[in-house]
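Participant: In case you want the letters, here they are:
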Amino acid sequence: MTGKHRSGAPDVLQVRDLACSRGPALLFSKLDFDIAGGELLCVRGPNGCGKTTLLRCVTGLTRPDEGTIAWHGQSSRTDPGRMRAGMAYAGHLAGLKDDLSAEENLEFSLRLRGSPTTPEQRREALAAVGLDKRRRLPARRLSAGQRRRIGLARLALDPAELWVLDEPLTALDDAGQALFVELLDRHLANAGLALVATHHRLAPSAGVVRELRLA
Amino acid sequence: MRPSDASPAPVTGSFSGGFAWAMARDLRLAWRHPDEAVLTVAFFALVASLFPLGIGAEPQLLTRIGPGVIWVGALLAAFLALPGLFAADYADGSLEQMTLSPHPALGWAAGKIAAHWIVSGLPLTLLSPLIGLQYGLAPDTLGVQALSLAIGTPVLSLLGGACAALALGARGGGMLLALLALPLFVPVLIFGAGASEAQATGLSAAPHLSLLGAALIAALVGLPAAIGLAVRIAVD
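Line by line, the protein sequences give chains A and B.
Quick note on our numbering: the first sequence kicks off at 1 and runs consecutively.
Quick note on our numbering: the second sequence kicks off at 1 and runs consecutively.
Errors might be hidden in some of the hints.
Computed, partial: chain A to chain B, Cβ under 8 Å [unchecked claim]:
#1 T62
#2 R63
#3 G81
#4 A85
#5 S109
Which bits of chain A does chain B cover? Going by a derived footprint, with three or more residues having C-beta under 8 Å, they are [stated by the list, open to error]:
#6 89 to 97
#7 118 to 129
Restraint-style ranges between C-beta atoms, simulated for each label pair [to be verified]:
#8 A:D173 - B:L179: 16 to 26 Å
#9 B:P183 - A:E211: 24 to 34 Å
#10 A:Q121 - B:P139: 47 to 57 Å
#11 A:A203 - B:E36: 21 to 31 Å
#12 B:L80 - A:G73: 44 to 54 Å
#13 B:I55 - A:S21: 52 to 62 Å
#14 A:D174 - B:P183: 55 to 65 Å
#15 B:A226 - A:R141: 32 to 42 Å
#16 B:G202 - A:R141: 56 to 66 Å
#17 B:S16 - A:T118: 15 to 25 Å
#18 B:D35 - A:L137: 17 to 27 Å
#19 A:P24 - B:S49: 37 to 47 Å
#20 A:S143 - B:S210: 54 to 64 Å
#21 A:D173 - B:A88: 27 to 37 Å
Just so you know, the hints here were simulated from the structure itself, not pulled from any lab data.
Even glycine gets a Cβ: it sits at the ideal position worked out from N, Cα and C.
Could you put together the complete structure from these sequences and hints?
Facilitator: Next comes the structure, spelled out in structure tokens:
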């Protein structure tokens, strides 16, 4: 782990002694890291090294073999609801319903997050990611990149403090990637936290960027 | 946006929030694609109508077997929509998002089951008096029949939902689901069909209905939590 520079902000997310194995293979062990407000932690490593598993352990989807995850000083095991309320996760599966339109998908995914939106907010967010004209089309008629953009609109509207993103740039074109970096900038400038697994080089203008290498 | 002092977001989840969310979404999806609900009802009507053709239209025989046939038809029809209940959400990642939402699993699990019942059990219950007429059932028997279905089909949805959640991720999930769920449906079938039969033979249907009601309460209390737990294990 390379801590280039740390901001003075207190650590919001603290991970200690994390270990996880998949079947017989030990993916990682004795992993410690902290993320404070305004920090981006990029998880890097070759395919199959456990980046996705690490992210899923932090979110609570996968139960780690060992280790503790503390959110605002409280264990996420004892008080999972609190961490879930403050965390947005975007994995390999987008969680979109093919039969619902982009706008409906956005509406339902934000209602599920406990932060309902108004139609104007949704229209603005979809226009910002370039889906203004396609917001009423069923998601099955959208391309992979356009579906990813619905995910960007969701992040833009979600008030979550922590973003946990697995390969957020997949299938996005240059303009889409720029949009994502812009969102990330805004999130970090607002003292948000981000844990991102990616093969791309992320260089947001705001916040502190650190790297976590999995062997 | 968020205040910059980075105070933890308040816990915004609630049982009712999750319940309303899941029910609204699943009903809208069912409305978008009504074929599944139509198939359930059509299957029920067809099965119940084929029996008189197969065994002959002797009035006494039909009155005798009517309640049982209608219940078996309703049970199989309610089973039809089960395999997709959680599998679709599992495949597209919605289930991960539901597990990670601040709403308790109890809420959205119950909401999904309620939506399943509204598109399968409820239309079957409403249709059953019409089918019962084909079998020459007496008006009071028709009433008891509909009542037993109204109490019994939610139990089927709850039991079936728990089995569907347990079968998630297994290869050949549909077959496994049938093996898990259908035996569990048997007591519901016995008391459900027993109620109308008792009514038809001049006995009281109350004991059967009470037992069905007790099963419904037990299922309502225990199964949504079990579904939430099974889903957690499946997405791990």
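Participant: Determine for every hint whether it applies to the structure shown.
Facilitator: Results for each hint:
no., hint, verdict
1, T62, "holds, 5 Å"
2, R63, "holds, 6 Å"
3, G81, "holds, 5 Å"
4, A85, "holds, 4 Å"
5, S109, "holds, 7 Å"
6, 89 to 97, "holds (count 8)"
7, 118 to 129, "violated (count 0)"
8, A:D173 - B:L179: 16 to 26 Å, "violated, 47 Å"
9, B:P183 - A:E211: 24 to 34 Å, "violated, 54 Å"
10, A:Q121 - B:P139: 47 to 57 Å, "holds, 54 Å"
11, A:A203 - B:E36: 21 to 31 Å, "violated, 48 Å"
12, B:L80 - A:G73: 44 to 54 Å, "holds, 50 Å"
13, B:I55 - A:S21: 52 to 62 Å, "holds, 59 Å"
14, A:D174 - B:P183: 55 to 65 Å, "holds, 57 Å"
15, B:A226 - A:R141: 32 to 42 Å, "holds, 37 Å"
16, B:G202 - A:R141: 56 to 66 Å, "holds, 60 Å"
17, B:S16 - A:T118: 15 to 25 Å, "holds, 20 Å"
18, B:D35 - A:L137: 17 to 27 Å, "holds, 21 Å"
19, A:P24 - B:S49: 37 to 47 Å, "violated, 56 Å"
20, A:S143 - B:S210: 54 to 64 Å, "holds, 57 Å"
21, A:D173 - B:A88: 27 to 37 Å, "holds, 29 Å"
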